[in-house]
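J.: If you want the building blocks of each chain, they are given just below.
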Amino acid sequence: MHSHLVMLILFAVMVSTVFAVLQRDEPREQARLAAKMALGFVGFGLLAGWVMLAFPLW
Amino acid sequence: MQVTAAEREVRVMDRGKVLLLCLAAWAIPGAGHLLQRQMAKGLIFLTVLPVMFGLGLLLEGTLFAIASPASQSLLTTGAALAERAVGLPWVLTALLGGGAGRPVAVTYEYGWVFMVVAGLLNCLVILDARDVALGRKVASEAE
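Protein sequence lines correspond, in order, to chains X and R.
Going by the numbering used here, the first residue of the first sequence is number 1, and it counts up by one from there.
Going by the numbering used here, the first residue of the second sequence is number 1, and it counts up by one from there.
To be clear, the hints were calculated from the coordinates, so they are not data collected in a lab.
Be aware that one or more of the hints could be misleading.
Claimed, not checked - Calculated Cβ distances over 10 Å to all of chain R for the following chain X residues: (1) VAL18; (2) VAL21; (3) LEU22; (4) PRO27; (5) ARG28; (6) GLY49; (7) ALA54; (8) PHE55; (9) PRO56; (10) LEU57.
Claimed, not checked - Stretch by stretch, here's where chain X covers chain R in the computed footprint (C-beta under 8 Å, at least three residues): (11) 89–103; (12) 110–122.
What the hints assert, rightly or not - Per label pair, the in silico range of CB-to-CB distance: (13) R:MET39 <-> X:GLN23: 16 to 26 Å; (14) R:LEU92 <-> X:LEU47: 15 to 25 Å; (15) X:ARG28 <-> R:GLU109: 18 to 28 Å; (16) R:ASP131 <-> X:PRO56: 38 to 48 Å; (17) R:LYS17 <-> X:HIS4: 39 to 49 Å; (18) X:ALA31 <-> R:ARG102: 16 to 26 Å; (19) X:ILE9 <-> R:GLY98: 21 to 31 Å; (20) R:LEU19 <-> X:GLY49: 29 to 39 Å; (21) X:SER3 <-> R:LEU19: 37 to 47 Å; (22) R:ALA27 <-> X:PRO56: 42 to 52 Å.
No residue lacks a Cβ here, since even glycine has one placed at the ideal position from N, Cα and C.
Work out the full structure: start from the sequences and follow the hints.
T.: In C-alpha cells form, the structure reads like this:
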C-alpha cells in the first residue's frame with residue numbers, strides 16, 4: 001500500500017469518524033459531519049500538495 | 001454548606017469509579033463509553049482506533065522510546081507518550097516485539113503518524129467518557 005492518496009483518504013476517514021462521533025449524538029448528524037470533515041481533510045491535503053509543487057526541496 | 005460523611009464517601013467513591021472508568025477507557029479504546037451503555041459510540045471507537053494503530057504498524061511505523069540516545073528530541077518523547085495513550089494495542093505490540101519500524105520505508109512517516117494520532121484520539125475519547133461520567137456532558141444515547 002504505497003499510494004499516498006489512499007493513505008490520505010484512510011487517515012481522513014478515520015480521524016473524521018472519531019471527531020464526528022465525539023461531537024454529535026445522532027447517527028445521521030455524525031455521518032454528515034464525518035463526510036464533511038473527511039472531504040475537507042482530503043481537499044486541503046490535495047490543495048497543500050499542489051501548492052508545494054512551487055517549493056521544490058532544493 | 002456542611003457535607004455529611006455519607007455524602008463525602010459517595011463523592012470519593014464516584015471519583016474512584018470515574019478513575020477506573022478512565023483507566024478502562026485507556027486500556028481498551030471505547031470501553032469508557034461501553035461501560036456507560038453508549039454502545040454505538042463505544043463500538044466505533046473500539047473498531048477505529050485499534051485499526052488505525054494496526055494500519056500504522058502495517059505501514060512500518062515504529063514504537064518510539066520515551067528516552068533513548070536515538071531520540072533526544074522532545075517531540076519524539078511526545079510522540080512516544082501519544083502512542084502509549086492507545087492502551088492495549090500498544091501494550092500488545094510492545095510485548096510481542098512489534099513496531100520496530102523501518103525509517104527508510106516509503107510509508108514509515110505515514111505509519112508512525114497513524115499510530116501517534118490513534119493515541120491522541122484515544123485521549124479525546126477518554127476525556128469524553130470522563131465528562132459523561134461526571135455529568136458535564138449529557139449522554140443522549142440510551143442503547
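J.: Does the structure break any of the earlier hints, and which numbers would those be?
T.: 1, 2, 3, 4, 11, 14, 15, 18 and 20
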